[in-house]
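Protein chains in written order, with our numbering: chain A, 1 to 254; chain P, 255 to 356.
By construction, these hints were calculated from the structure, which means they are not laboratory data. One thing to keep in mind: the hints can contain errors.
What the hints assert, rightly or not - Selected chain P positions facing chain A (Cβ under 10 Å, derived; list incomplete):
no.: 1; residue: V270
no.: 2; residue: G294
no.: 3; residue: I299
no.: 4; residue: I349
What the hints assert, rightly or not - Listed next, the stretches of chain A that the computed footprint assigns to chain P, with coverage defined by at least 3 CB atoms under 8 Å from CB atoms of chain P:
no.: 5; region: 35–42
no.: 6; region: 48–54
no.: 7; region: 93–99
All C-beta atoms, glycine included, are put in the ideal place defined by N, C-alpha and C.
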Amino acid sequence: MPDSSAIAHDAPEAGGIPHGEHPPYLRHHFASVEQQADTANFAMWLFLLTEVMFFGGLFTAYLIYRNWYYPAFVAGSHQLNVYWGTLNTLVLICSSFTMAMGVWCAQTRRRSGLVLCLILTFILGLGFLGIKTIEYSEKIEKHHVPGFHYSLQSFLDPDSDAAAKAAGDRPLPLDMARHTEVYFSLYFLMTGMHALHMIIGIGILGFMILRARAGAYTAGHTTFVLNFGLYWHFVDIIWIYLFALLYLISRHGA
Amino acid sequence: MSGQNGHAHTIVGPGVYVAILFALLAGTALTVWASFIDLGFWNPIIALAIATTKAVLVVLFFMHVKYSTKLTKLTIFSGIFMFLVLISMTLADYISRAWGSW
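Chain P with its partners taken away, still in its complex shape:
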């Protein structure tokens, strides 16, 4: 009895979970180590890049999105994209409204 989407539900096994666990622990060690080095402008960018990498690993593997339906993938992408649009427009407003006086 297969679903209308015609895909079988993949069961993600312990091997994948252990690999992701170690990747996340390594990412945490890396980001804390990087925070102790004064990289000026790059400190926040590196911290957020590592955080985003960790979040993507969690979403794809712990949350099984890599194995989910196209509908779910598209919906998640749309939601995140909408969030980025909202942040960008808010920041554009704040940056340009009182130019130079903050």
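Only chain A is shown next, with the shape it has when bound in the complex:
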């Protein structure tokens, strides 16, 4: 593992502390375990801030296009199922909670508790992706995926579409109806990038479950679990905003 391989056992001392008097996971360029933990935490936040800028660009694009093509974005949003979206928000919040509890278990050296929390987080993460798959397949069936097979029918003739009819949509002019494709492009881009982050997170969770079973994070060195927790909560926050922007704010309007 990278952490243990970085320890030079033949080096004389770490931070002026002789071997045997400092934990084996304290790297030699740090003065103390606390300084090492603060540095790792700070670095993780720098990474998350680059992620804020990345998703921020997508949010800004959404904001501008929504103002330009407002009727198309309202009609597009009415195609999303707010119940699936709500369920997914609840699933993700619960997974953030189980991850936070996992961090506590690691800090208080509860190995089986940590493994349980990580497995629950893993399952909830998969549940989120499963619900997202149901939503995506609805879009595929209705030809709402941007591209050659995109269908304008739900927007030109709302009475033929159950979701549009339920929302009381009026037919859009052809040029505005075409702009619903912009809405769905941003929908798939934003939720897709979010889902990619979830998939990466679930992969790392699987790796952590294996290591946690061997007691890797419950012997004092919790940095990996803490930093992964920050990542997972960040992905949760992105979804909180995506849920509000894509599903909720356009339910009334046009």
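Fit chain P to the given chain A structure using the hints.
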């Protein structure tokens, strides 16, 4: 062996996490309920205000920022502030460039 920052690392306990979990679940229920009421101009503002409240709770407690070093707090604040500056300047450009023709 205390760090150079001279602060002890606070371990946030299950009580805080459970309280935040229920606050987040309540916030989700509230925002979905509010979205079903036609408040016109206020719908997006309320939805984003609730989302931001939830995000702040996650950042402060799940992500331990309330208990982190001043350096981390200042860095996060600077990053978010920079993001808001970028959004404001972009929107100012788009709003004023083709005035009235969009």
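Going through the hints against the structure:
With 10 Å as the threshold, the beta carbon of V270 (chain P) comes within range of chain A, its nearest partner Cβ sitting at about 9 Å, so the hint holds. A hinted interface residue such as G294 (chain P) counts as satisfied when its beta carbon comes closer than 10 Å to some beta carbon of chain A; here the least separation is about 7 Å, so the hint holds. Look at I299 (chain P): its Cβ gets to within about 9 Å of chain A, closer than 10 Å, so that hint holds up. Because the smallest distance between the Cβ of I349 (chain P) and any Cβ of chain A comes to about 8 Å, under 10 Å, the interface hint for this residue holds.
Look at the region 35–42 of chain A against chain P: 5 of its residues bring a Cβ nearer than 8 Å to a Cβ of that chain, three or more, so the hint holds. With 3 residues bearing a CB less than 8 Å from a CB of chain P, the region 48–54 of chain A meets the requirement of three and the coverage assertion stands. Counting residues of the region 93–99 of chain A whose CB falls under 8 Å from any CB of chain P gives 5; the rule of at least 3 is met.
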